[in-house]
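Model the placement of chains S, F and H on the given structure of chain L, informed by the hints.
Protein chains: 4
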Amino acid sequence: MHIAFLGLGNMGSAMVRNLVKNGHRVVAWNRSYEPTKPIHALGVAIERTPADACKDADIAITMLADDGAAEAVTLGKDGLIEGLAEGAVHVSMSTISVALSDKFTEAHAARGQLYAAAPVFGRPEAAEAQKLFIAAAGKPDAIAKITPALESVGQKIFVMGEEPAQANLVKLTGNFLITCVIESLAEAFALTAKGGIETQKVFELLTESLFSAPVYKTYGGLILEGKFSPPGFKMPLGQKDNRLLQQAAEKLEVPLPFAAIIRDRFLAARANGDSELDWSAIAKRAAEDAGFEVK
Amino acid sequence: MHIAFLGLGNMGSAMVRNLVKNGHRVVAWNRSYEPTKPIHALGVAIERTPADACKDADIAITMLADDGAAEAVTLGKDGLIEGLAEGAVHVSMSTISVALSDKFTEAHAARGQLYAAAPVFGRPEAAEAQKLFIAAAGKPDAIAKITPALESVGQKIFVMGEEPAQANLVKLTGNFLITCVIESLAEAFALTAKGGIETQKVFELLTESLFSAPVYKTYGGLILEGKFSPPGFKMPLGQKDNRLLQQAAEKLEVPLPFAAIIRDRFLAARANGDSELDWSAIAKRAAEDAGFEVK
Amino acid sequence: MHIAFLGLGNMGSAMVRNLVKNGHRVVAWNRSYEPTKPIHALGVAIERTPADACKDADIAITMLADDGAAEAVTLGKDGLIEGLAEGAVHVSMSTISVALSDKFTEAHAARGQLYAAAPVFGRPEAAEAQKLFIAAAGKPDAIAKITPALESVGQKIFVMGEEPAQANLVKLTGNFLITCVIESLAEAFALTAKGGIETQKVFELLTESLFSAPVYKTYGGLILEGKFSPPGFKMPLGQKDNRLLQQAAEKLEVPLPFAAIIRDRFLAARANGDSELDWSAIAKRAAEDAGFEVK
Amino acid sequence: MHIAFLGLGNMGSAMVRNLVKNGHRVVAWNRSYEPTKPIHALGVAIERTPADACKDADIAITMLADDGAAEAVTLGKDGLIEGLAEGAVHVSMSTISVALSDKFTEAHAARGQLYAAAPVFGRPEAAEAQKLFIAAAGKPDAIAKITPALESVGQKIFVMGEEPAQANLVKLTGNFLITCVIESLAEAFALTAKGGIETQKVFELLTESLFSAPVYKTYGGLILEGKFSPPGFKMPLGQKDNRLLQQAAEKLEVPLPFAAIIRDRFLAARANGDSELDWSAIAKRAAEDAGFEVK
Numbered sequence: 001m002h003i004a005f006l007g008l009g010n011m012g013s014a015m016v017r018n019l020v021k022n023g024h025r026v027v028a029w030n031r032s033y034e035p036t037k038p039i040h041a042l043g044v045a046i047e048r049t050p051a052d053a054c055k056d057a058d059i060a061i062t063m064l065a066d067d068g069a070a071e072a073v074t075l076g077k078d079g080l081i082e083g084l085a086e087g088a089v090h091v092s093m094s095t096i097s098v099a100l101s102d103k104f105t106e107a108h109a110a111r112g113q114l115y116a117a118a119p120v121f122g123r124p125e126a127a128e129a130q131k132l133f134i135a136a137a138g139k140p141d142a143i144a145k146i147t148p149a150l151e152s153v154g155q156k157i158f159v160m161g162e163e164p165a166q167a168n169l170v171k172l173t174g175n176f177l178i179t180c181v182i183e184s185l186a187e188a189f190a191l192t193a194k195g196g197i198e199t200q201k202v203f204e205l206l207t208e209s210l211f212s213a214p215v216y217k218t219y220g221g222l223i224l225e226g227k228f229s230p231p232g233f234k235m236p237l238g239q240k241d242n243r244l245l246q247q248a249a250e251k252l253e254v255p256l257p258f259a260a261i262i263r264d265r266f267l268a269a270r271a272n273g274d275s276e277l278d279w280s281a282i283a284k285r286a287a288e289d290a291g292f293e294v295k
Numbered sequence: 001m002h003i004a005f006l007g008l009g010n011m012g013s014a015m016v017r018n019l020v021k022n023g024h025r026v027v028a029w030n031r032s033y034e035p036t037k038p039i040h041a042l043g044v045a046i047e048r049t050p051a052d053a054c055k056d057a058d059i060a061i062t063m064l065a066d067d068g069a070a071e072a073v074t075l076g077k078d079g080l081i082e083g084l085a086e087g088a089v090h091v092s093m094s095t096i097s098v099a100l101s102d103k104f105t106e107a108h109a110a111r112g113q114l115y116a117a118a119p120v121f122g123r124p125e126a127a128e129a130q131k132l133f134i135a136a137a138g139k140p141d142a143i144a145k146i147t148p149a150l151e152s153v154g155q156k157i158f159v160m161g162e163e164p165a166q167a168n169l170v171k172l173t174g175n176f177l178i179t180c181v182i183e184s185l186a187e188a189f190a191l192t193a194k195g196g197i198e199t200q201k202v203f204e205l206l207t208e209s210l211f212s213a214p215v216y217k218t219y220g221g222l223i224l225e226g227k228f229s230p231p232g233f234k235m236p237l238g239q240k241d242n243r244l245l246q247q248a249a250e251k252l253e254v255p256l257p258f259a260a261i262i263r264d265r266f267l268a269a270r271a272n273g274d275s276e277l278d279w280s281a282i283a284k285r286a287a288e289d290a291g292f293e294v295k
Numbered sequence: 001m002h003i004a005f006l007g008l009g010n011m012g013s014a015m016v017r018n019l020v021k022n023g024h025r026v027v028a029w030n031r032s033y034e035p036t037k038p039i040h041a042l043g044v045a046i047e048r049t050p051a052d053a054c055k056d057a058d059i060a061i062t063m064l065a066d067d068g069a070a071e072a073v074t075l076g077k078d079g080l081i082e083g084l085a086e087g088a089v090h091v092s093m094s095t096i097s098v099a100l101s102d103k104f105t106e107a108h109a110a111r112g113q114l115y116a117a118a119p120v121f122g123r124p125e126a127a128e129a130q131k132l133f134i135a136a137a138g139k140p141d142a143i144a145k146i147t148p149a150l151e152s153v154g155q156k157i158f159v160m161g162e163e164p165a166q167a168n169l170v171k172l173t174g175n176f177l178i179t180c181v182i183e184s185l186a187e188a189f190a191l192t193a194k195g196g197i198e199t200q201k202v203f204e205l206l207t208e209s210l211f212s213a214p215v216y217k218t219y220g221g222l223i224l225e226g227k228f229s230p231p232g233f234k235m236p237l238g239q240k241d242n243r244l245l246q247q248a249a250e251k252l253e254v255p256l257p258f259a260a261i262i263r264d265r266f267l268a269a270r271a272n273g274d275s276e277l278d279w280s281a282i283a284k285r286a287a288e289d290a291g292f293e294v295k
Numbered sequence: 001m002h003i004a005f006l007g008l009g010n011m012g013s014a015m016v017r018n019l020v021k022n023g024h025r026v027v028a029w030n031r032s033y034e035p036t037k038p039i040h041a042l043g044v045a046i047e048r049t050p051a052d053a054c055k056d057a058d059i060a061i062t063m064l065a066d067d068g069a070a071e072a073v074t075l076g077k078d079g080l081i082e083g084l085a086e087g088a089v090h091v092s093m094s095t096i097s098v099a100l101s102d103k104f105t106e107a108h109a110a111r112g113q114l115y116a117a118a119p120v121f122g123r124p125e126a127a128e129a130q131k132l133f134i135a136a137a138g139k140p141d142a143i144a145k146i147t148p149a150l151e152s153v154g155q156k157i158f159v160m161g162e163e164p165a166q167a168n169l170v171k172l173t174g175n176f177l178i179t180c181v182i183e184s185l186a187e188a189f190a191l192t193a194k195g196g197i198e199t200q201k202v203f204e205l206l207t208e209s210l211f212s213a214p215v216y217k218t219y220g221g222l223i224l225e226g227k228f229s230p231p232g233f234k235m236p237l238g239q240k241d242n243r244l245l246q247q248a249a250e251k252l253e254v255p256l257p258f259a260a261i262i263r264d265r266f267l268a269a270r271a272n273g274d275s276e277l278d279w280s281a282i283a284k285r286a287a288e289d290a291g292f293e294v295k
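Residue numbers (the UniProt record's numbering), protein chains in the order written: chain L, 1 to 295; chain S, 1 to 295; chain F, 1 to 295; chain H, 1 to 295.
The following block holds chain L by itself, in its conformation from the complex:
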């Protein structure tokens, strides 16, 4: 399969390596030059614009930092939409807003192109190991076409519906649930620590009994050790996803009290100098509220 890949960050580069390993023909583009070098060394052609990269591609995958980048690369000058053939599929795999996904749906339909959203769950290590979980949504023909490519980068694909934006909503919801785990553990650790119990013991009890999911182990471990730097997922990105969640919830008229608390945790974290830390550093607020000295 001939795949155009736009966006060679940590996640994107790992995904390209897996696509190549699985026998796909990949043409790539990245805004800056440096990240293209190791990819080019794999035999991947590097093009000068998104439009050029998409010429003749069956599928164009975007994996970009945020809505701004995704919109510029897709709809901007020399953008993906200019180069993609009729009947080819754009699949957006980064975490973008529900609103932008709806906009892409319309723009591609107007050109006779297909569009699907397939955001991923997993950090760069998971991408490297082809272990991503993928939430996909789009019309059945689009999903059918992109499935081989998705299978080359993830361990499991979950199809959520026919509206691409539904996959984006699910992705934002998943990230919301992660923040709920972070906050609830932060409160739990603050309480038990003040009760004189070693947090390590609480962590072990929880993660070896009812809360054995990876997400409790990963984030519980980070909070336990206070290891918020270097960030695996930076504070402002976590905050952005919370904002996109709340925007989607506002449009759908759904109150989310837990998300509201998380929002304020992000704001307090940023106001108190933690913008460069991992998003799990919102856990510092619960400790500080309980009177613990936090760095």
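Rather than coming from a laboratory, the hints here were simulated on the basis of the structure.
Treat the hints with care, as some may be off.
Pairs count within a copy or across copies, as identical chains cannot be separated in the list.
[Stated by the list, open to error] Straight-line C-alpha distance at most 20 Å; calculated EDC-like pairs for lysine to aspartate or glutamate: (1) K194 - E250; (2) K251 - D67; (3) K139 - D102; (4) K194 - E163; (5) K240 - E250.
Structure of chains S, F and H alone, referenced to chain L:
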């Protein structure tokens, strides 16, 4: 080992069966007569008062509904404390308050008796299958004496510290984390349902990827099916544990914003006629706030 | 003084009447024709575009529904900015976002025009009676020029700073405080009503003792009578101001827990069919959560 | 009228002075000796026990620190209830719990004594100036008998119902509304200060327009100046009233989201060393969350 067992509810009866199966000599007491019959049929002697049951016991285990029952059985007329020998251990395995556990610590110390707390995580099925997780706390000599008994009813014992009440605090914290899972899933399902996505699909994606812990499967499944009756753990009991958590948090001066939201969910649930349902029915409030008709 | 007035809604029309009464020469514009008729009858010239209306004006006042309208009328085709003379002042008196106010500041500066923000507190009756309270901000020369006009429509002017957007922030903050009064009264009334106390009595006690401010009387009275229709200030407008407040708070990195609760009240109100009611109908949620039947 | 007055703190002493000034015959009791001296100097007889003080009294007024003191003085050894004549009235004027008020109702009824609750709004200065607002509740005959006494200490009496505890509920509700004013102003000031606006100006605008009630002036002024010491009403007392409110709300099954936030503010204040300050110092948390350095 000679064990006195006080409290033959669903949980307690299952635990007694496992103690007998594992070769312990058990003498039991229960406030009402009916539940003693199947236990007596196992060859367990039934005594008329807690004090009588504790005569000659190495260990006395209490498994009672709430603080009121635990206090009456332990410190009341013909209570456990009257019958238990010096040097023997009382281990409280039900979910009681931190304050009552502290009171027991003092009362037993004054009599030269030992005291430990060892509340359990798990529903009656888990108790039956000897699969309970146990959070234990107490002086090392007390813990050492009760370990064989605990191993006969649970799959894993986590020792939290030397103050018995620390185990109670951890138990309340664990229940708090469960309620956070319930509320966060309720919000997630309300949001995605309003976005037109089948909840079944969201449930599968979550529980087969990052949120694979038993607690997400159990409670996600209950919410998904709206199966809140018959209750596995009744609304007022869940509410009581939230109250005990908040009381402990108040004493320790620890703000818990998520617990505050859960508190109000319990109150709204009770005010709206859901007192007889499973505690996971607090999930109905998020759906109702989002405009869904809930029964 | 020669004043261009753009936007003849209930508030704007009342303000124009007061400007005329106070001897100002007013030229007006409105998007639709109907509301211009009674104003024209006062001897006010009606122009076909905002730009036309602003020709030769010393001051151009905008009083428009929302950011969209304010931006179109100010910066759009044949907009205010096209017609306003160098050195003349645009004063925006409607409730707009901090971000848009910043945008106007720059756009006018680039044209050598002055800009100030002067949003008002008060319902149409107050506008009619020249009783508005005005929060103004802008450079001293701009404030000096507009003061006579502001004095003709309001009872008191409060200058908040030299950045126009500061007045907008204060206006949003004022509306936020009103919503806090609504929510706190809603909770107070739900609690005391369930305690068997007549709400009328609670209302009297509060408003005749510590809470004697107009805002408690006005909103307490509306909640007490459940008189949410016809709306004095419609639900979606209240919700919009909460959104603008939260956007400003996000930019400034300020957590606002009370505002977060209000946000969810607005969402629940809209999700449950109350979009056409007065914004104080968010009070219905507290009653419903307490188990009261609300229409 | 012959009045027994139990509790000579700041509030109680001021009230006794007004009772004497208005011609009542007062007999007093206080737990400690020192405060009785200036009262004795007014010609007030001081008795050795509450029971002794109540002999021959038409009315016994209690004005005590908390539930513990009120219960001991009323129902304890040599308590009020022992000395009060049949048909005489006990009126509890301090802020006590709804539950304790219910207990008093029963206890007095069993003795053929009357009981009313009449908690007051106002600080010691208001008590001194005979400017207290009084929320009273009780059977009509009890209310009729105590009215002359209440009129001698307050400026206005509001009768809430026939159940004494209703007055206590209203008092707790009033204090809750005050904390809502404190928190909402704290958030408002944090936001506008970060927007570069002088808090003094915001305070003036608010208190001279829509928020002209005494409560905004008093508490807004305290927050503005950061003048939290010496305390007018100490943090732990404010926290206690919040706790009693939440207990009453739990019994009545009424969720109170604003009260939940206030609860956590009190806990964070205490955990961060502010227990000796005025209760309005909970305002420091909003400032700290916004990144302001607070002492």
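Checked hints:
1. K194 - E250: For K194 and E250, only the inter-copy Cα distance (11 Å) is at most 20 Å; the intra-copy one is 37 Å.
2. K251 - D67: Classified as both: same-chain Cα gap 17 Å, cross-chain 18 Å, threshold 20 Å.
3. K139 - D102: within (13 Å within a copy, 42 Å between copies)
4. K194 - E163: between (48 Å within a copy, 13 Å between copies)
5. K240 - E250: both (15 Å within a copy, 11 Å between copies)
Checked against the numbered hints above, the structure violates none of them.
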